[in-house]
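Model the full structure from these sequences, guided by the hints.
2 protein chains.
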Amino acid sequence: MADTISKSARKKKNNNVAASLYGLRPAVVVAVVDAVRQGHAERVRHLIRPLHYCDVADLLERLPSDLRNQVVDYCRKTLDPEVLPELDDGVRGEVLEILEPKQVAAAVSGLNTDDAVEVLEVLDSDALEEILNKVEPVDRQFIEEGLSHPPDSAGRLMEREFVAVVQSWTVGEVIDYMRESTNLPDDFYDIFVIDGQSRELVGSIPLNKLLRSRRAVRINVIMKNDITIIPAAMDQEDVANLFRDRDLVSAPVVDDANRLVGMITVDDVVDVIDEEAEEDLMKLSGIRKTDFYQDMIETTRRRFSWLGVNLITAIGASIVIAVFAETIEQVVALAILMPIVASMGGNAGTQTLTVAVRAIAMRDFGPGKASRFILKEVSVGLANGALFAVIIGAISSLWFGDHILGVVIAIAMVLNLVMAGLCAAMVPFLLDRWGIDPAVASTVILTTITDVIGFLTFLGLATVFLL
Amino acid sequence: MADTISKSARKKKNNNVAASLYGLRPAVVVAVVDAVRQGHAERVRHLIRPLHYCDVADLLERLPSDLRNQVVDYCRKTLDPEVLPELDDGVRGEVLEILEPKQVAAAVSGLNTDDAVEVLEVLDSDALEEILNKVEPVDRQFIEEGLSHPPDSAGRLMEREFVAVVQSWTVGEVIDYMRESTNLPDDFYDIFVIDGQSRELVGSIPLNKLLRSRRAVRINVIMKNDITIIPAAMDQEDVANLFRDRDLVSAPVVDDANRLVGMITVDDVVDVIDEEAEEDLMKLSGIRKTDFYQDMIETTRRRFSWLGVNLITAIGASIVIAVFAETIEQVVALAILMPIVASMGGNAGTQTLTVAVRAIAMRDFGPGKASRFILKEVSVGLANGALFAVIIGAISSLWFGDHILGVVIAIAMVLNLVMAGLCAAMVPFLLDRWGIDPAVASTVILTTITDVIGFLTFLGLATVFLL
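Residue numbers (this note's numbering), protein chains in the order written: chain Z, 1 to 467; chain F, 1 to 467.
Treat the hints as calculated values from the structure; they're not laboratory data.
Some hints here could point you the wrong way.
Which copy? The list can't say, so a pair holds if one copy fits it or any two copies do.
[Unchecked claim] Taking lysine to any residue pairs in the SDA-like style, the calculated list, with each CA pair at most 25 Å apart, reads: (1) K134 x W434; (2) K369 x E61; (3) K369 x E144; (4) K376 x N69; (5) K77 x M362; (6) K102 x E161; (7) K134 x D274; (8) K209 x Y53; (9) K209 x L123; (10) K369 x F304; (11) K224 x D187; (12) K102 x S65; (13) K77 x D124; (14) K369 x R302; (15) K77 x R433; (16) K77 x A106; (17) K376 x D34; (18) K134 x A106; (19) K209 x L184; (20) K209 x D186; (21) K369 x I319.
Structure follows, in structure tokens:
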């Protein structure tokens, strides 16, 4: 009996742990919304105070604009600066507008440089200038250096705070240096080793190795020479690939002269991986970046251009149909069946396309791999084309009692699925080689091809064999 | 002058650094392929020896099956065990088949438990048993415990090796313990603190904090109590969300009784994030997981079922068209224009769908957010529908010289885009609530709806107003 009670007590405790893990509880959101609606500034602050900064960011993102602005207004003096880098870009812009420049300046001064840069890069140059004028000169210099690197580069991603020691030091000296130093980064996992003369980066040591070594041991004895070095100009997608492939938690960033200028940590890389994965997904549907937090007008505007491109290609396909208007007038079954051929081609092509775009993004293509991939996709198109040709051929001849119609749609199905495989496998490569992002343009090119070929082969063959 | 030379020399050096970063060079792949074709086993081993294990995995993935098997055969005695966890599941299965059970057993014994579990989970139970019989009892127990957790759970992801200390210890005692202990994990970033009596987890300390503290300080003074604890049964997607939201590098895993049983590190979480992002992307195109490394037969088989579902829905749309066969016979322009309405609905819906599926996967929906999202998507559909209605209405009446036709297609366009927004915003939520993965089923349901509604409204309105 006692055992049962203790088990259930443990279980309960454990459930609480699990519940608290999920961060923001719905009840808190509801309570905050109520308090804001009633204008209870003090109560809002009281509700937000115990939250983890990630959960505060989460809360702000979940609130509609007007309530969010009110919350920020109530908490302008108590808002944890760490909340700002966690916010989605769009939401962050709104929040920064509500805070006074002085408050933003104080907030970014309390952040690591990578986070400060991330917060400020959404601002236009006037607003940025106004805030930077209120930041301490040292912090200001770090932030401006960070912003001087191109967007999406390693230089933007890195923090300026890192621990670097000279290779002639001992473990004990390093530990004493770290105990005395006050200007260390909040979190770090490796210390970097530089040459005493040239100041060039020569190695690194994971903290756990440092901890396990005796105080008298020299740093250059235990340091790793074979380290992964990130040039400041490297694209963040390549940085993410290095971290992913080499299981890194932090890596040193060097300038053109191989001087250590910063450190990238894995938490920033996780954000990049999320961002890049999201972009790939969104671009395939013609959305530049997720518009989840955008207002309706902006969302409409952004999606309009993609739908406009789609309208043009759809009209192109209609012109192909119009060529065969007379054939359709005589055999109306063609109008009924033609969307099937086009739709199957589009779907089969999209499958191939998705695999190709992802493989390109993940750098999975080696030499000679592309031609093998294309060959495989054409074979898959032929195989599935043949299978579905038999099925749709049989259905069509039974439905309309016309065997030749069945043969015509069967041939069109095979041709369209083979062409879909070929084009969907080739288009992303060609775009990539021409410097066009395959994720953005591939889908629209592909569906145009499969629609046009689908209608052309089906209606063309029908005109030849049925009339 | 001297300065110029030294700059260019530096630059060159730096470029070499950058080049070596990108891991596997194409020349190496070509050289390996040549050596394998000529049967030069010694040369293959010589080429592979200096490579980083990630690059060896990369090389194996890039080779076609027959060459890959030959390489593994040549290197069976010298292959770095760390290569195995880096391989794609499909490739790993093939490699494990070539190696003898004894060699696999030796390899997994050299890995951390999380990696060993990852390597072995692709095997069927007979092959697994044969290998586990050859593994040391201690390792075997760890691996079997790992495999006893459900797939995709925190228990599968964690490693059994971690550093746990008692809260009454001092910093000095902890450091001495780590210096003497031989069975520590390869990499760790936090040490966990347990209660001396209950053995329950009570806190954690990042290594950098430990390093910065004096030897005499007690652990319970510097430890963090507010730690993120992962229950072993937690789904890996939730684990990834916690790491992402809280910028963690490692976290303790506990069993039902709150006892510390393992540790999850961020490198494993990065793999999970990649995997989940890839799955979301692939599922939207009806591919269960990337088939990039699969052979043609398997790829054909896997994609067939999705195309089969698509065929059924396309036939459903054709049946709707068939209802209006007489109308089409009289006004063939309808057959020409009808794909435009369906295509625009499908594309607009896919945009909404992609945003919704991603937001659900990223747990971006808070209370009340869903209904606001649906309202917004319907508004966007209405706005873009109205804009495109004007455009396509004008084009159609000019093209066919029929104003009523223009009005009919305009109304159909608005209705279809509004319905596309409504359904694409609602379907993923309903599926999620019913426990069906929205990424898999949403697309097919949505395109069926937009096709049927597109044809129904356009041809229906035409029948009423044009005949």
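**Q.** Enumerated hints in conflict with the structure, sorted upward
**A.** Result: hints 1, 3, 5, 7, 9, 15 and 21 break, sorted rising.
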